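S.K.: Chain by chain, the residues:
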Amino acid sequence: MNKSIILTSTLALLGGFLGPNSFAQTSPAMGEATKRIAATANKFLASLGESQRAKVVYDFKDEAQRKRWSNFPTGIFRRAGLRMGDLAQPQREAALAVLAAALSPQGYQKVLEIVEGDEVLKKAEGGRLIFGRDEYYVSFLGQPSPTEPWMIQFGGHHLGLNITLAGEQGTLAPSHTGAQPAIYELEGKTVRPLGREIDKAFALISSLDEAQRKQAILGFQMHDLVLGPGRDGQMIQPEGIKGLALTEKQREMLLDLASEWTGIMHEAVAKAKMDEMKRNIAETWFAWSGPTEKGSAAYFRIQGPTVIIEYAPQRMGGEPTKHIHTIYRDPSNDYGAKWWKR
Amino acid sequence: METLTVIRSRLGLLLALVALPSSALAHRLDEYLQATLVAIDPGGFLLQINLTPGVAVADQVLALIDRDHDGVITTNEATAYAELLKRDLIVRLDQRTVELKFTGSNFPDPTELRTGLGIIQMEFSVKRGALAAGPHKLTVENRHLPALSVYLLNAARPESASVQIAGQKRNENQSGGEIAFEFHPPPNPSIPVGMVTSLPAFLVVLFAGLRQAKKKWKAY
Numbered sequence: 001m002n003k004s005i006i007l008t009s010t011l012a013l014l015g016g017f018l019g020p021n022s023f024a025q026t027s028p029a030m031g032e033a034t035k036r037i038a039a040t041a042n043k044f045l046a047s048l049g050e051s052q053r054a055k056v057v058y059d060f061k062d063e064a065q066r067k068r069w070s071n072f073p074t075g076i077f078r079r080a081g082l083r084m085g086d087l088a089q090p091q092r093e094a095a096l097a098v099l100a101a102a103l104s105p106q107g108y109q110k111v112l113e114i115v116e117g118d119e120v121l122k123k124a125e126g127g128r129l130i131f132g133r134d135e136y137y138v139s140f141l142g143q144p145s146p147t148e149p150w151m152i153q154f155g156g157h158h159l160g161l162n163i164t165l166a167g168e169q170g171t172l173a174p175s176h177t178g179a180q181p182a183i184y185e186l187e188g189k190t191v192r193p194l195g196r197e198i199d200k201a202f203a204l205i206s207s208l209d210e211a212q213r214k215q216a217i218l219g220f221q222m223h224d225l226v227l228g229p230g231r232d233g234q235m236i237q238p239e240g241i242k243g244l245a246l247t248e249k250q251r252e253m254l255l256d257l258a259s260e261w262t263g264i265m266h267e268a269v270a271k272a273k274m275d276e277m278k279r280n281i282a283e284t285w286f287a288w289s290g291p292t293e294k295g296s297a298a299y300f301r302i303q304g305p306t307v308i309i310e311y312a313p314q315r316m317g318g319e320p321t322k323h324i325h326t327i328y329r330d331p332s333n334d335y336g337a338k339w340w341k342r
Numbered sequence: 343m344e345t346l347t348v349i350r351s352r353l354g355l356l357l358a359l360v361a362l363p364s365s366a367l368a369h370r371l372d373e374y375l376q377a378t379l380v381a382i383d384p385g386g387f388l389l390q391i392n393l394t395p396g397v398a399v400a401d402q403v404l405a406l407i408d409r410d411h412d413g414v415i416t417t418n419e420a421t422a423y424a425e426l427l428k429r430d431l432i433v434r435l436d437q438r439t440v441e442l443k444f445t446g447s448n449f450p451d452p453t454e455l456r457t458g459l460g461i462i463q464m465e466f467s468v469k470r471g472a473l474a475a476g477p478h479k480l481t482v483e484n485r486h487l488p489a490l491s492v493y494l495l496n497a498a499r500p501e502s503a504s505v506q507i508a509g510q511k512r513n514e515n516q517s518g519g520e521i522a523f524e525f526h527p528p529p530n531p532s533i534p535v536g537m538v539t540s541l542p543a544f545l546v547v548l549f550a551g552l553r554q555a556k557k558k559w560k561a562y
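Residue numbers (my numbering), protein chains in the order written: chain A, 1 to 342; chain B, 343 to 562.
Calculated pairs, DMTMM-like style, for lysine to aspartate or glutamate (alpha carbon to alpha carbon, straight line, at most 25 Å):
hint, chain 1, residue 1, chain 2, residue 2
1, A, Lys214, B, Glu514
2, A, Lys322, B, Glu514
3, B, Lys511, A, Glu210
4, A, Lys341, B, Glu501
5, B, Lys479, B, Glu514
6, A, Lys214, B, Glu524
7, A, Lys322, B, Asp372
8, A, Lys338, A, Asp62
9, A, Lys214, B, Glu520
10, A, Lys67, B, Glu501
11, B, Lys511, A, Glu239
12, A, Lys242, B, Glu501
Calculated directly from the structure, the hints in this document are not laboratory data.
On a predicted model such as this, the values are computed, not experimentally measured, just so you know.
Could you build the full structure based on these sequences and the hints that come with them?
M.R.: So this is what it looks like as structure tokens:
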């Protein structure tokens with residue numbers, strides 16, 4: 001009895017000392033995954049010529065390259081690294097294999113659908129070179145390693161993936177996903193790269209009762225992301241309804257909605273992040289701006305101690321529901337900085 | 343004369359829209375996005391404003407910045423535009439107007455601004471004297487180019503534990519809003535920490551001493 005009290009007290013003290021996020025995002029499964037991703041990345045590097053290798057690997061401490069990502073298309077925003085359109089087909093496949101290793105199957109699928117959407121946009125826009133699947137860039141910060149921190153960047157129009165891996169730890173924050181067109185036909189199938197996000201969000205807002213909606217719905221228009229690309233290091237005061245005021249079922253729906261971003265990464269990172277979000281659910285907020293009728297253009301935000309997610313339909317370029325910007329950040333650990341920054 | 347100017351201006355806007363490259367359709371068009379983040383800390387306030395003119399209004403905005411139309415934004419022109427913007431910002435703390443100080447800016451190249459993708463960054467600060475402990479209200483109103491603009495207004499999460507945001511209100515288009523916050527300064531650091539921590543021990547010794555003295559007094 002006494003032993004269990006001592007053990008519980010010690011754990012509680014240790015927990016209090018280390019803080020609520022200290023156990024997050026660390027697991028042997030993650031270490032195994034990092035090893036596998038590093039091996040795939042090294043295969044990609046081996047497929048390149050010397051001049052290409054020099055262009056794709058940056059120093060891990062290169063802050064300019066770390067922050068060189070955007071929602072804008074190439075030509076307007078200058079990216080660095082290797083352009084997919086400049087790679088031979090086997091090299092291109094090797095680059096995509098790195099993403100497939102780092103992401104979950106559904107995360108990888110989402111990325112491919114965003115890229116294909118840009119190819120559709122390129123055709124609709126008269127074949128301009130700044131859009132399309134050739135205009136995505138891949139780069140590494142640091143050498144791929146199973147133990148040392150390194151980073152994979154993959155981005156272009158409406159996509160900015162920043163994957164930091166450090167042995168048994170990993171994060172996708174900060175990353176940008178977007179879509180234009182947000183719905184298109186490909187080989188006879190309707191594709192909605194960010195469709196599950198808005199479907200789940202409408203289901204959640206519909207589940208709120210009147211008093212809850214009063215808290216969740218912001219009484220003003222939202223024209224864009226508040227903490228989009230270029231807003232590193234900034235954080236806003238949370239608003240909306242707090243997780244504490246949601247029912248158990250609604251909390252599950254909120255976590256399921258967030259999983260559309262946290263689940264882009266491979267299973268081990270996604271699970272660790274979701275466990276962390278579950279621990280912080282009472283302190284996680286959900287905010288909404290715009291109509292609540294399914295199919296309308298609405299903005300929403302999820303904000304907790306270790307996550308901020310925004311989804312913002314864009315008014316420019318026609319129908320707002322067909323042009324979406326989203327952002328995923330970790331206010332406590334963007335770029336995995338707490339694992340390597342001194 | 344004024345009507346002619348308006349017609350010319352509208353015709354110019356129409357021509358600009360017609361002449362847009364198709365790629366521009368993917369980006370901000372006829373709006374000037376003004377996104378303001380308000381940071382409150384014990385020493386003052388900071389307004390960080392990101393300004394993104396859409397492709398169809400970029401020339402109108404640029405005309406206010408690049409005054410000599412030479413395609414270069416000089417330091418003087420940047421400062422003059424900051425002053426122009428400052429005049430359109432009304433900031434009040436507890437109903438009293440406070441004066442903003444222009445503290446920094448970053449202007450992209452005019453050619454980039456004309457794509458509808460360039461972002462002008464502006465920073466204004468307010469240094470103020472001692473703030474009384476308790477609740478306060480900071481109101482921000484942005485009257486800069488209202489016919490062209492859409493707005494975002496947000497309080498930054500305070501970095502200091504002595505400032506807590508109690509609530510935020512905005513008007514529908516976020517051109518104005520009110521941030522309610524509480525300020526609770528830390529205990530006066532002029533009192534030495536040693537004195538504060540040793541005070542209970544001192545009181546115990548004093549109390550014991552008094553009891554002892556009382557017993558002795560009774561014995562007499």
